[in-house]
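Chains as they are written, first to last, in my numbering: chain G, 1 to 308; chain B, 1 to 308.
One should not assume that every hint holds.
As the list claims (entries may be wrong) - Ranges of calculated distance between the beta carbons of each label pair, as one might list FRET restraints:
id, chain 1, residue 1, chain 2, residue 2, range
1, G, S171, B, P75, 39 to 45 Å
2, G, A73, B, G195, 36 to 42 Å
3, G, R265, B, R16, 46 to 52 Å
Said to hold, decoys possible - One-sided and incomplete, this derived list gives chain B residues near chain G with beta-carbon spacing under 10 Å:
id, residue
4, L13
5, H26
6, V31
7, G61
8, T63
9, E69
10, N72
11, R92
12, V95
13, T102
14, D104
15, T105
16, P111
To be verified - Here are a few chain G residues that sit away from chain B, every Cβ distance over 12 Å (derived from the structure):
id, residue
17, V97
18, A162
19, L176
20, S200
21, G222
22, P301
Note that these hints are calculated values from the structure, not bench results.
Note that CB positions come from ideal geometry on N, CA and C, so glycine has one too.
Each chain is listed here by its residues.
There are 2 protein chains.
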Amino acid sequence: MILTVTLNTAVDLTYRVPRLEPHGSHRVREVTERPGGKGLNVARVLASLGQAAVITGFAGGPTGSQLRELLNAAPGAAGLTDALVRTKGHTRRTVAVVDESTGDTTQLNEPGPHIAPEEWSAFLAAYRELLPSADAVALCGSLPPGVPVGAYATLVRECRTADIPVLLDTSGEPLLRGLAARPEIVKPNSEELAGITGSSDPVRGAHQARRRGAHAVAVSLGPDGLLAVTPDGSWRATPPRQLKGNPTGAGDAAVAGLLSGTVERLSWAERITRAVALSAASVRAPAAGEFDEAAYADLLPQVEAVEA
Amino acid sequence: MILTVTLNTAVDLTYRVPRLEPHGSHRVREVTERPGGKGLNVARVLASLGQAAVITGFAGGPTGSQLRELLNAAPGAAGLTDALVRTKGHTRRTVAVVDESTGDTTQLNEPGPHIAPEEWSAFLAAYRELLPSADAVALCGSLPPGVPVGAYATLVRECRTADIPVLLDTSGEPLLRGLAARPEIVKPNSEELAGITGSSDPVRGAHQARRRGAHAVAVSLGPDGLLAVTPDGSWRATPPRQLKGNPTGAGDAAVAGLLSGTVERLSWAERITRAVALSAASVRAPAAGEFDEAAYADLLPQVEAVEA
Chain G
1 MILTVTLNTA
11 VDLTYRVPRL
21 EPHGSHRVRE
31 VTERPGGKGL
41 NVARVLASLG
51 QAAVITGFAG
61 GPTGSQLREL
71 LNAAPGAAGL
81 TDALVRTKGH
91 TRRTVAVVDE
101 STGDTTQLNE
111 PGPHIAPEEW
121 SAFLAAYREL
131 LPSADAVALC
141 GSLPPGVPVG
151 AYATLVRECR
161 TADIPVLLDT
171 SGEPLLRGLA
181 ARPEIVKPNS
191 EELAGITGSS
201 DPVRGAHQAR
211 RRGAHAVAVS
221 LGPDGLLAVT
231 PDGSWRATPP
241 RQLKGNPTGA
251 GDAAVAGLLS
261 GTVERLSWAE
271 RITRAVALSA
281 ASVRAPAAGE
291 FDEAAYADLL
301 PQVEAVEA
Chain B
1 MILTVTLNTA
11 VDLTYRVPRL
21 EPHGSHRVRE
31 VTERPGGKGL
41 NVARVLASLG
51 QAAVITGFAG
61 GPTGSQLREL
71 LNAAPGAAGL
81 TDALVRTKGH
91 TRRTVAVVDE
101 STGDTTQLNE
111 PGPHIAPEEW
121 SAFLAAYREL
131 LPSADAVALC
141 GSLPPGVPVG
151 AYATLVRECR
161 TADIPVLLDT
171 SGEPLLRGLA
181 ARPEIVKPNS
191 EELAGITGSS
201 DPVRGAHQAR
211 RRGAHAVAVS
221 LGPDGLLAVT
231 PDGSWRATPP
241 RQLKGNPTGA
251 GDAAVAGLLS
261 GTVERLSWAE
271 RITRAVALSA
281 ASVRAPAAGE
291 FDEAAYADLL
301 PQVEAVEA
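Given the sequences, and given the hints that come with them, work out the whole structure.
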C-alpha cells in the first residue's frame, strides 16, 4: 500500500453566491462539502487507479467526524483505509466563495487545531506502526499549529531508515527542513520552489533543491506540465493541449502518478508521463481527488517526456 | 418555563482576517464558533435572567451535534433544556468575515437543511407535547426549506387553543401568515414591519399589523429603542444613551425582556422598559445571547416608557 500523510486535514466548503459584495449579507445559494487535504486527494486518486492507499494525519471534533464521513462516501473510498489519529482540537474548515457573476473565488482558510505534544507523539507511534506495510509514503501540505517545524524531516528520516521511498509536497520552512533529511522526491510547484531557492528558473531551482538534499525534484508547472530533475537525468512532459476545468487538486493527481510509478519501478520518463496525464485528467473532473478516467486513457499515449 | 422555537438553527462562525480581498486567498487569524439562531439567543438571555427556558426546533448532522455541544457549553446553559428535534439534513452554518482593517463584516448564510414532511410532523408532535408546560412561547427566525410557509400560523394557532401567550419574531410571508392566526405579540424591526405593511412609519405600520391580527405589536427601532402598540395603549422606550458594542442579538434580548415581562404579568410600559434595558445591555456583551448584567442593572432605572 501507499501511505499518505496529511497533518492539516480540512473540511472543504464551497459556497456559491450570485455576487460577492464585501461588507454585505449573502444568502448562499449552494453549499458543497468535501474531504480536504492534499494527502487525502492523493490517496483517492491512487485508490481510483487500483492502488491500495492508507490515509493518516489528524482529525478531531465534529468537523473531524464529518471529514471521516465525507471521506467514506467519496468516489474511490473502497480502496482507502482511514488511519487518521484523533485530536482534541477540531479539524479546520476551508471556505471557497464562488462569485457566480464572475466565476472568481475568494478563499478563507482556517488555521487548523493546535496539536498538543502528546498528540504529535501519538501520531509518530501510529506512523511507525504503518510504515512496515508501506511501499511508498507521501507527506503532504501545511503543518497545523503546535507541530514542530521539523516534523517532515523527522518523518522523512523514518522512511530513509526503513528504506521506503518518500515524496514530500509542502512549502516554506517545513520544505527546507524536510529537504535536509534527504527525501526520495520533492514536488514543489514553481512558486514554492522559488520560495525556498530564490530562483525563478525551475531548472536552476530544481538543481539547487537536489543540492540541498532531495534525491529527485519534480516541479509542477501548472498547465505546462512537469519538470523532473533526477539522478538519471532531466525530463519535461507537457499535456497535449490546454484543458478547461477545475485545476484544484491537479498537483495532488501528479503526486499520485509519481508515487504509483515509483512503486511500479517505472522509469522517470514514464513516471512524469503518467503524472502529467493524470494531472490533466483531474482538471476535467468536478473536484480535487478525482480524475476523468476516459480523459486519462485518451491523454496518456499523447503525453511525451523529452529530455530537458 | 418559556418555550422558544428556532426552526432554522445554525452554527455561527466568525472569521477574523487582517483585510478582506475579494478573489484573494486568506488565512483566517481567529475562528469563533457559537450556537446560532434567534430563539437560542432568547432562551439564553431568559436563562441568565433566572427564567427556565426550553429550546426546540431542528438540529441534524455533524453541525447539529456541534450546535448542541456549543449550546451546552454556552454561558447560561444551566437554565436551558435542549428539546431540539433531529433531522436527516445538516444544520446550517453562517459565516461572518470580519475585516480587521475596517471593522466591517461580510456575512454568508447557508440556506439550511431541507425538512422532510415527516420531520415537520415529528416536530409538531414534539411541540404539542411541550406546550402544556409552557407559560409563554417565542417563535423565532426564518423557515428552513421544506417547512410550509404557513408554519408559524399553525404554531400560533396551537398556542391560542391552549391559551398560552405567543410572540412571533420573523419577517416576510411567514410573518404575514402568522399574523392572520392572531398571535399575542409580534416583534418586527422597522424594516420588517415596512416589508409587510408598505409603511415606513412604525406607528402607522404597527396599527396596520394589529388590524391584520396581532394583539400587540412591539417594533424594535435599533438604537432608538422600542415602540409598543397594544390594546392598552401605545408606548415608546429609549435607552438613556447610545452604547457602543455588538448589536447582533439585541433584538433577541428585547424578545426575552418582553416575554419574561409577559409571564410576570407586568404592564406594557414595564415590559418595554425591561426589553430596552436588556437590549442595550446585550450590546455591551461580546456575543448574541448574552448581556452585561452590571450594565442591565445600571440601565433599567434610567429607561422610561412614554405614551406614544
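So, going through the hints one by one against the coordinates:
{"no.": "1", "hint": "G/S171 <-> B/P75: 39 to 45 Å", "verdict": "holds, 41 Å"}
{"no.": "2", "hint": "G/A73 <-> B/G195: 36 to 42 Å", "verdict": "holds, 41 Å"}
{"no.": "3", "hint": "G/R265 <-> B/R16: 46 to 52 Å", "verdict": "holds, 50 Å"}
{"no.": "4", "hint": "L13", "verdict": "holds, 8 Å"}
{"no.": "5", "hint": "H26", "verdict": "holds, 5 Å"}
{"no.": "6", "hint": "V31", "verdict": "holds, 5 Å"}
{"no.": "7", "hint": "G61", "verdict": "holds, 8 Å"}
{"no.": "8", "hint": "T63", "verdict": "holds, 7 Å"}
{"no.": "9", "hint": "E69", "verdict": "holds, 7 Å"}
{"no.": "10", "hint": "N72", "verdict": "violated, 13 Å"}
{"no.": "11", "hint": "R92", "verdict": "holds, 8 Å"}
{"no.": "12", "hint": "V95", "verdict": "holds, 6 Å"}
{"no.": "13", "hint": "T102", "verdict": "holds, 8 Å"}
{"no.": "14", "hint": "D104", "verdict": "holds, 4 Å"}
{"no.": "15", "hint": "T105", "verdict": "holds, 7 Å"}
{"no.": "16", "hint": "P111", "verdict": "holds, 6 Å"}
{"no.": "17", "hint": "V97", "verdict": "violated, 7 Å"}
{"no.": "18", "hint": "A162", "verdict": "holds, 34 Å"}
{"no.": "19", "hint": "L176", "verdict": "holds, 20 Å"}
{"no.": "20", "hint": "S200", "verdict": "holds, 20 Å"}
{"no.": "21", "hint": "G222", "verdict": "holds, 16 Å"}
{"no.": "22", "hint": "P301", "verdict": "holds, 36 Å"}
In the structure shown, a violation is registered for the earlier hints numbered 10, 17, in ascending order.
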